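Q: Each chain is listed here by its residues.
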Amino acid sequence: MRIYADNAATTKMSQTAIQAMLPYMETIYGNPSSLHSVGQEAKEALNDARERVAKVLGATAREIYFTSGGSEADNQAIRSAAVLGKRKGKTHIISTAFEHHAVLHTLKKLEKEGFTVTYLDVHANGLVTPEQVAEAITPETCLVTIMFANNEIGTIQPIREIGAVCRKAGVLFHTDAVQAVGHLPINVVEDNIDMLSLSAHKFHGPKGVGVLYAKRGIILTNLIEGGAQERGKRAGTENIPGIMGMTAALEEAVAEMPETAARLTKLRDRLIEGLSEIPHGEVNGDLEHRLPGNVSFCFEGIEGESLLLLLDDKGICASSGSACTSGSLDPSHVLLAIGRPHEVAHGSLRLSLGKDNTAEEVEQIIVSVKEVVEYLRNMSPVWRDLMNGKRQFVIK
Amino acid sequence: MALYSEKVMDHFRNPRNVGVIEDADGVGEVGNAKCGDIMKIYLKIKDDVIDDVKFETFGCGSAIASSSMATELIKGKPVSEAMKLTNQAVTEALDGLPAHKLHCSVLAEEAIRAAMKDYYDRHGIAYDESQFPAAHDCDHCGV
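Just so you know, the protein sequences line up as chains A and B, in that order. Take the first sequence: its letter number 38 is residue 37 in numbering that gives the first Met the number 0, and every next letter is one higher. Take the second sequence: its letter number 141 is residue 140 in numbering that gives the first Met the number 0, and every next letter is one higher.
If you're looking for bench data, these hints aren't it; they were derived computationally from the structure. These numbers come from a predicted model, not from an experiment. Each hint should be verified, as a subset may be incorrect.
[What the hints assert, rightly or not] Here are the simulated BS3-like cross-link-like pairs (lysine-lysine), alpha carbons at most 30 Å apart as the crow flies:
(1) A:395 with B:33
(2) B:6 with B:83
(3) A:369 with B:6
(4) B:43 with A:389
(5) B:6 with A:313
(6) A:89 with A:167
(7) B:76 with B:33
(8) B:6 with A:389
(9) A:313 with B:33
(10) A:214 with A:232
(11) A:11 with A:108
(12) A:389 with B:74
(13) A:369 with B:33
(14) A:42 with A:54
(15) A:108 with B:33
(16) A:108 with A:206
(17) A:54 with A:214
(18) B:116 with B:76
(19) A:87 with A:167
(20) B:33 with A:389
(21) B:33 with A:107
(22) A:11 with A:369
(23) A:89 with A:111
When you get a sec, could you build the whole thing from the sequences and use the hints?
A: See below:
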């Protein structure tokens with residue numbers, strides 16, 4: 000029996016989404032740019048999907064650009080704002096230290112091109128304040144890009160208030176909402192958002208499709224040149240099955256949101272309560288401003304990859320921010336950004352619950368994580384040193 | 000394809016020689032918690048033979064498997080043979096490691112050498128310094 004608790008990585012597709020895709024692979028497989036009827040039927044579907052996605056976000060259809068996913072949307076939003084800024088001689092961008100790499104790596108590239116970037120401190124609780132944003136804005140600022148909810152520790156930023164600060168200062172505001180859309184109520188108008196990125200596979204839609212919302216009047220810069228698709232801003236034949244699946248998944252996720260969020264919040268809090276019984280372990284990130292399904296812990300004296308492999312042996316699919324699992328040289332930049340030292344960040348565990356998880360599964364996870372942490376600590380020289388006082392505990 | 004070979008997973012799931020030797024003749028510890036792996040090797044040596052060996056490891060699956068395999072390769076062997084253990088031998092015995100995990104086998108080799116050096120030092124046994132090159136810098140973070 001497998002317990003899937005890695006829904007922040009990706010989700011199982013919903014049947015509604017799968018069924019919504021099938022006609023566009025089997026019968027209405029035309030190219031929306033074709034004049035014949037099967038092409039025009041696909042085009043009608045595409046227009047309909049754009050309207051429906053816009054409605055869910057509180058936007059208008061012409062503000063919706065379909066992309067290959069969240070990373071592309073992040074890249075295009077930031078690139079576009081940089082081009083617009085540079086034209087006016089504005090080359091300062093504000094972001095946070097714990098954005099997704101799709102944002103951070105784009106910003107790093109812009110820094111090489113002469114932009115300056117302020118990375119706001121996210122504090123030990125994983126939150127930035129609107130005041131921090133206000134203080135960081137200068138006459139040269141062309142963009143503020145701050146994620147809606149963090150993918151590792153689940154903290155939710157005060158987006159509406161940050162958006163208001165940006166509006167007042169006349170600075171474009173982009174939010175990477177990949178972890179938030181379908182899980183939290185979002186309205187781009189009420190939340191003062193100029194640009195927003197989302198990805199379908201985070202809310203039970205298909206992989207390889209996402210959206211960039213860009214407020215009317217914002218001129219986007221192409222990342223992909225070619226045909227005139229997406230109002231000339233994103234070339235390439237539209238991924239119609241993906242777009243139809245995403246649209247159905249989004250509507251479903253939003254319709255089910257109140258019920259799902261309430262249920263997941265209960266499961267999450269029980270999981271946090273259970274794992275908190277493990278000594279010298281601690282939850283990462285604010286407990287109140289937190290995604291309904293996110294549980295993130297650091298356990299001292301162990302390393303995350305071995306923890307994941309042993310949990311996998313027990314049928315539990317989870318994730319970690321240890322260097323060994325990230326494939327990079329350092330442990331997760333998110334955990335470092337909230338002040339976890341390297342040696343503690345290596346011992347991190349993320350469990351992200353989704354709508355299919357049950358209370359029984361949560362109890363099983365608690366038992367298994369306790370067993371595995373204890374087992375690994377018993378063979379860890381770091382744990383031995385911590386216990387005999389040769390090394391100091393960071394987490395009391 | 001799985002991340003690790005069956006051999007690695009076997010040694011990770013059922014590590015051999017885990018533990019501590021309280022009255023060890025030599026103890027070696029290498030690695031750094033900051034980089035995410037530390038290995039500690041305990042040796043009991045009798046009549047120039049590795050009579051017993053135990054390990055403790057803080058690290059990823061391949062670090063635990065490399066420690067386990069390294070202890071198995073030297074247990075019951077003459078000291079002179081244990082001194083010749085290389086990271087390649089550990090890697091081969093594990094049916095290979097992913098490229099970015101090869102440093103785990105290097106750590107295992109270094110941990111055993113560090114324990115041997117400690118044994119020589121404690122027992123006043125003369126040795127050639129060149130047998131114990133300084134442990135390489137962590138290629139991750141330069142620690």
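Q: Kindly indicate which numbered hints from before are broken by the structure, ordering the numbers from low to high.
A: 7, 8, 11
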